[in-house]
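Read top to bottom, the protein sequences are chains Z and D. Each residue of the first sequence is one higher than the one before, starting from 1 at the first, in UniProt numbering. Each residue of the second sequence is one higher than the one before, starting from 1 at the first, in UniProt numbering.
Certain hints may be false.
[Stated by the list, open to error] Each computed DSS-like pair below joins lysine-lysine, with the alpha-carbon atoms no more than 30 angstroms apart: (1) D:K208 - Z:K168; (2) Z:K109 - Z:K168; (3) Z:K179 - D:K67; (4) Z:K168 - D:K179; (5) D:K61 - D:K101.
I should point out that these hints are in silico values taken from the structure, not numbers from a laboratory.
There are 2 protein chains.
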Amino acid sequence: MKNILIASTSTLHGSGYLEYIMEALTDFFKEANEILFIPYARPGGVSHDDYTELVSNAFLKIGKKVKGLHTCSDPKMAVKGAKAIFVGGGNTFVLTNQLYKNDLIGVLKQSVGNGTPYLGTSAGSNICGLSIRTTNDMPIVYPPSFNALAFVPFNINPHYLDPDVNSKHMGETRETRIKEFHHFNTQPVIGLREGSWLHVNDSSIILKGNLSARIFEYNKQPYEVAPNTDLSELK
Amino acid sequence: MKNILIASTSTLHGSGYLEYIMEALTDFFKEANEILFIPYARPGGVSHDDYTELVSNAFLKIGKKVKGLHTCSDPKMAVKGAKAIFVGGGNTFVLTNQLYKNDLIGVLKQSVGNGTPYLGTSAGSNICGLSIRTTNDMPIVYPPSFNALAFVPFNINPHYLDPDVNSKHMGETRETRIKEFHHFNTQPVIGLREGSWLHVNDSSIILKGNLSARIFEYNKQPYEVAPNTDLSELK
Numbered sequence: 001m002k003n004i005l006i007a008s009t010s011t012l013h014g015s016g017y018l019e020y021i022m023e024a025l026t027d028f029f030k031e032a033n034e035i036l037f038i039p040y041a042r043p044g045g046v047s048h049d050d051y052t053e054l055v056s057n058a059f060l061k062i063g064k065k066v067k068g069l070h071t072c073s074d075p076k077m078a079v080k081g082a083k084a085i086f087v088g089g090g091n092t093f094v095l096t097n098q099l100y101k102n103d104l105i106g107v108l109k110q111s112v113g114n115g116t117p118y119l120g121t122s123a124g125s126n127i128c129g130l131s132i133r134t135t136n137d138m139p140i141v142y143p144p145s146f147n148a149l150a151f152v153p154f155n156i157n158p159h160y161l162d163p164d165v166n167s168k169h170m171g172e173t174r175e176t177r178i179k180e181f182h183h184f185n186t187q188p189v190i191g192l193r194e195g196s197w198l199h200v201n202d203s204s205i206i207l208k209g210n211l212s213a214r215i216f217e218y219n220k221q222p223y224e225v226a227p228n229t230d231l232s233e234l235k
Numbered sequence: 001m002k003n004i005l006i007a008s009t010s011t012l013h014g015s016g017y018l019e020y021i022m023e024a025l026t027d028f029f030k031e032a033n034e035i036l037f038i039p040y041a042r043p044g045g046v047s048h049d050d051y052t053e054l055v056s057n058a059f060l061k062i063g064k065k066v067k068g069l070h071t072c073s074d075p076k077m078a079v080k081g082a083k084a085i086f087v088g089g090g091n092t093f094v095l096t097n098q099l100y101k102n103d104l105i106g107v108l109k110q111s112v113g114n115g116t117p118y119l120g121t122s123a124g125s126n127i128c129g130l131s132i133r134t135t136n137d138m139p140i141v142y143p144p145s146f147n148a149l150a151f152v153p154f155n156i157n158p159h160y161l162d163p164d165v166n167s168k169h170m171g172e173t174r175e176t177r178i179k180e181f182h183h184f185n186t187q188p189v190i191g192l193r194e195g196s197w198l199h200v201n202d203s204s205i206i207l208k209g210n211l212s213a214r215i216f217e218y219n220k221q222p223y224e225v226a227p228n229t230d231l232s233e234l235k
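One chain only, chain Z, in its complex shape (with noise of 0.2 angstroms):
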């Protein structure tokens, strides 16, 4: 029953806000008029008006109405009647430490296990893993875990970065935090490149956009997969 979209940046480079994948969510959301819209993650700490102003605007062309969850009077009773959930980016601490905060990890995994459709770009998109665990993000609040919705059962890393061959600065490349991830943890991890999603449709999960992703298993090479790979046997 799951219908889940699991995207990398809301953002191209030099596009506008959901801009490179508005055809997609056209399809994604074709039954729902109007999306409910979680703003907690706060990029740039913009107030959640700003944010559902921004998200409002964007989905307008393609003639859908926003809701934003922080003008909801009961959260819960709000994310159980959704037609529709949409995740946006920011701090991925902000928005789990709000999820708990609010009890709504429960109704989203009962919402979404029961075929609410969801997009999450971002730390929108970090939740839907096993755990955060594996977001770039700065830890500027203490959440009370740092398990997340697992929707996949692996983790996801968002904004995937190839290593700068040419840096002098000795700061861990992406790669080697996800191996360091790896001497603590055993689920595999997705490095998603910017313009890259998942689409998880019932059991398959398909690499959608058009660069290849890096795939990060417990004890093996990482390696890269193709657009339109299943990855539905990762675990």
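Since the structure of chain Z is provided, determine the placement of chain D on it from the hints.
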């Protein structure tokens, strides 16, 4: 009584481990024949033994013995009795988690507060701040708290990196991340570039090395401070 050296990195591009700072360390550790090394941050998942060997070899050049804390049967007593302490880099979450699990936060605060010289690099510098909420590391384990050793009344961002104006990647710049931090936290943050360190000596906190540092204060524009600036008024 404090005598603390908080370095952005252990290693500069193209030079050996601790090489750029060894002259300063010769003076800093002049009273100690043996340095207690805390290898918990495990960069790249390296073993405690291998990490301690790397550090031993580096300090051999200035005639210092190094003892790994993991070889001590009573880590708390080892910290209490240490003549000098070095906490190396790696993953800040792994390091913080191990410090809490071994109940070392209190004794470290006490020993360093009483004047035991403390050197931190990278993750070992992050934990010198009020919290680890401005680390760059991936949250690969869940520590019991993000609160850190609070040797200084602000937060550290080691490996500080200026924005790449040519980048087409949509992930946040370091400055954007620290600004997000200030939507949820009010303490100042020092962005320490690689090659810079802070020397905390009694009540003075002097920026050392050849580069300026970037200071982020709540509700203020970020600004640069030159080497040899005393930052003890920052809080």
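Pair hint K61 (chain D) and K101 (chain D), alpha-carbon separation not exceeding 30 angstroms: Given that 30 angstroms is the threshold and the Cα spacing comes to 33 angstroms, the pair is violated.
K179 (chain Z) paired with K67 (chain D) [C-alpha distance capped at 30 angstroms]: holds (27 angstroms)
Restraint status (C-alpha distance of K168 (chain Z) to K179 (chain D) at most 30 angstroms): holds (25 angstroms)
30 angstroms Cα cutoff - pair K109 (chain Z), K168 (chain Z): violated (43 angstroms)
Hinted pair K208 (chain D) and K168 (chain Z), Cα distance within 30 angstroms: Answer holds: K208 (chain D) to K168 (chain Z) is near 20 angstroms, not above 30 angstroms.
Of the numbered hints stated above, those contradicted by the structure are hints 2, 5, listed in ascending order.
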